[in-house]
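Whenever a hint applies, use it, and build me the whole structure from the sequences.
Protein chains: 2
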Amino acid sequence: MFTHHVTSNKSRARRGTLVTPHGAIETPCFMPIATRGVVKTLSSEDLKNLGASIILSNTYHLYLRPGLDVLKSAGGLHPFMAWPGPLLTDSGGYQVFSLAKMRKITEEGALFASHIDGSRHLLTPELSMQIQQIIGSDIIMVLDECTPADSTAEYLRDSVSRTTRWAERSKKEFEKGRDVSFNPGAKLFGIVQGGTDEEMRKRHAADLIAIGFDGYAIGGLSVGETFDDACRIVEAVDGVLPEDKPRYFMGGAKPEEIVAYVRRGIDMFDCVLPTRNARHGQLYRFVHDDLTRPDFYEVVHITNEKWKQDFSQVSPELPNISHAYLRHLFTIEEMLACRLATLINIRFYIELMSKIRAGIESGEV
Amino acid sequence: MFTHHVTSNKSRARRGTLVTPHGAIETPCFMPIATRGVVKTLSSEDLKNLGASIILSNTYHLYLRPGLDVLKSAGGLHPFMAWPGPLLTDSGGYQVFSLAKMRKITEEGALFASHIDGSRHLLTPELSMQIQQIIGSDIIMVLDECTPADSTAEYLRDSVSRTTRWAERSKKEFEKGRDVSFNPGAKLFGIVQGGTDEEMRKRHAADLIAIGFDGYAIGGLSVGETFDDACRIVEAVDGVLPEDKPRYFMGGAKPEEIVAYVRRGIDMFDCVLPTRNARHGQLYRFVHDDLTRPDFYEVVHITNEKWKQDFSQVSPELPNISHAYLRHLFTIEEMLACRLATLINIRFYIELMSKIRAGIESGEV
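These protein sequence lines are chains A and B, in that order.
Letter by letter, the first sequence follows residues 6 to 370 in our numbering.
Letter by letter, the second sequence follows residues 6 to 370 in our numbering.
Warning: the hint list may mix true and false statements.
If several chains are the same, the list does not tell them apart, and a pair holds so long as it fits within one copy or across any two.
[As the list claims (entries may be wrong)] Straight-line alpha carbon distances no greater than 20 angstroms define the calculated PhoX-like cross-link-like pairs of lysine-lysine that follow:
#, residue 1, residue 2
1, K311, K77
2, K15, K313
3, K77, K313
4, K15, K181
5, K181, K77
6, K177, K15
To be clear, the hints were calculated from the coordinates, so they are not data collected in a lab.
Structure representation (structure tokens):
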């Protein structure tokens, strides 16, 4: 499933190919976030045109809307949203942590109140697998608890060992439902937790490896810890994870952070920044070819007065759109503005990964 | 400029070609509304792909934002919004009537307070021409006063004769600025007012014809009068207007009303319904080929529960989008929903005009 072609001679960066039932993905890769079965403002056709090789969607959101009845009768999310390529789904653990109005974690699962209508749901590892198999994901994530950055050592230890037990239950349920699911070739990833405690992270990684997964994610980062802490944790886990399985960094990462994590052995990323920042008029743009320079890109604030009469092209992605016109669209709060900025930023992240892959091959990253 | 090819043998419907500096338009035609230099949710590229032959923008809105400084340094609206085709601009008269917080009509012009920041502006016939020449319109509209539906006969008479004087001033200013404008080949249209009073309408049309314009619009309809009244007025004016000039019905019109007005001699339409209704999840769809049947189309309310599990294609315009998926996008208030619905509805109106033109040629409309 995962072929690890080469490791950079300058860092721990890896070039690989990840094969899924809906196609192969060259890694390191970036997954645009289609939270509710849509990357905000873009159609699946747009995503194909942008060169997206895999997208991410969310169990928690899809479970609430459109709901399992619709997904089941649609034959899964792929036909529902007309996305022909690989699809990864988060297990819902992080959304219960970040979105739900109320949550209570027990051994059984996560009891939460929907952020939409307050209705109560118990998300168990088993239910998360069942939902993801109805979604028809190519890469299914185990249910985990994302521990808050300020957790006590004791809470963290209890939570991590529960996440291990949930991972075991996830794997069992995943295998039980696999053959009758919409996507029998789906793969299951474990999620390493343990906060910013290196030893706990390593131990948890080892526990998950003992259970055995098709890939390993590092969860519970980008939740308020420093960048140095995140790097330290990625390095610690890198030392434990098997070389022949893909590693996925879950959560937001700025372009320079993606480069840093790639150089520490990470293969897969999702990130809400390109899409969210697009909707606030912040556009990513390459400045230098050397990705190890801290200033290899810039963020253009297109609503700034300085672009008012700049009629030069805003992005190679949009041949006919000037800075001034895009600024005008943001000024009048036109939806098209969000769409155009999203096209620019998703394309930037996809190109970033392509530059990173070339850089690993040529020994520059 | 306008070639009138044929009149239907079943009605007063006319097939023509209108030539502008940015291309020829087959009439009867529909003009998608790009109020502020953008058809909501769509790029100019999208409009080209939809087959739009001409678009409409608004003097009042563009004057306020992006403003004359930007339009001037951009070289007009065509390059600013990257729209290569014909462009018509409304004079601002209707927006002063419908949008401005405060307005006072004097012989000099329309004093109004901006709906954005309350700033005061005096829109004179001369200023309206100057703005439209900076915009670089292909078809410029004279400044008129759109009289409220409940105006007294006396107010109406005074208003119409002022609109005639404004039309004279508009023409004078238009000719003065023509050669130094961004679009020296632009054409000027007069606007027939007079409420629902047939005699006043005919007199006003005759007064405008005496001044002489490249085309004639019927303004001040779709402001609350009945459909029968509107038809009566269109018929009255049709009897006076020259056969060799294009006629433009200003304001909203449902599909069956467009057919009715075409059959009464109208060549050009703008209408906010396809775009506005799209954003409320109302989709236009053909049901029968015979456009003279009242039920030749239907309006689908896509947010309705009945589409929840309908996975059939929602429109030939969108090969991969099902009813259920578009409904889901509306349910989660996703911007893409508005865009997709707008693509469907604009395409419907463009196709409606194409069917109408074919119907005139074959003698069925």
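| Intra/inter-copy verdict for K15 and K313 if alpha-carbon distance must be at most 20 angstroms | Result: close neither inside a copy nor across copies, 43 angstroms intra and 53 angstroms inter.
| message | Please sort K311 with K77 into within, between, both or neither, judging by C-alpha distance up to 20 angstroms. | response | Between copies only: 17 angstroms across, 50 angstroms inside.
| Status of K181 relative to K15 across identical chains (alpha carbons, at most 20 angstroms) | This pair counts as neither: shortest intra-copy Cα distance 43 angstroms, inter-copy 70 angstroms.
| Intra- versus inter-subunit Cα pairing at 20 angstroms for K181 with K77 | within (18 angstroms within a copy, 68 angstroms between copies)
| Within, between, both or neither: K177, K15 at alpha-carbon 20 angstroms | neither (40 angstroms within a copy, 74 angstroms between copies)
| message | When Cα atoms must be at most 20 angstroms apart, do K77 and K313 count as within-copy, between-copy, both, or neither? | response | between (49 angstroms within a copy, 12 angstroms between copies)
Checked against the numbered hints listed earlier, the structure breaks hints 2, 4 and 6; every other hint is satisfied.
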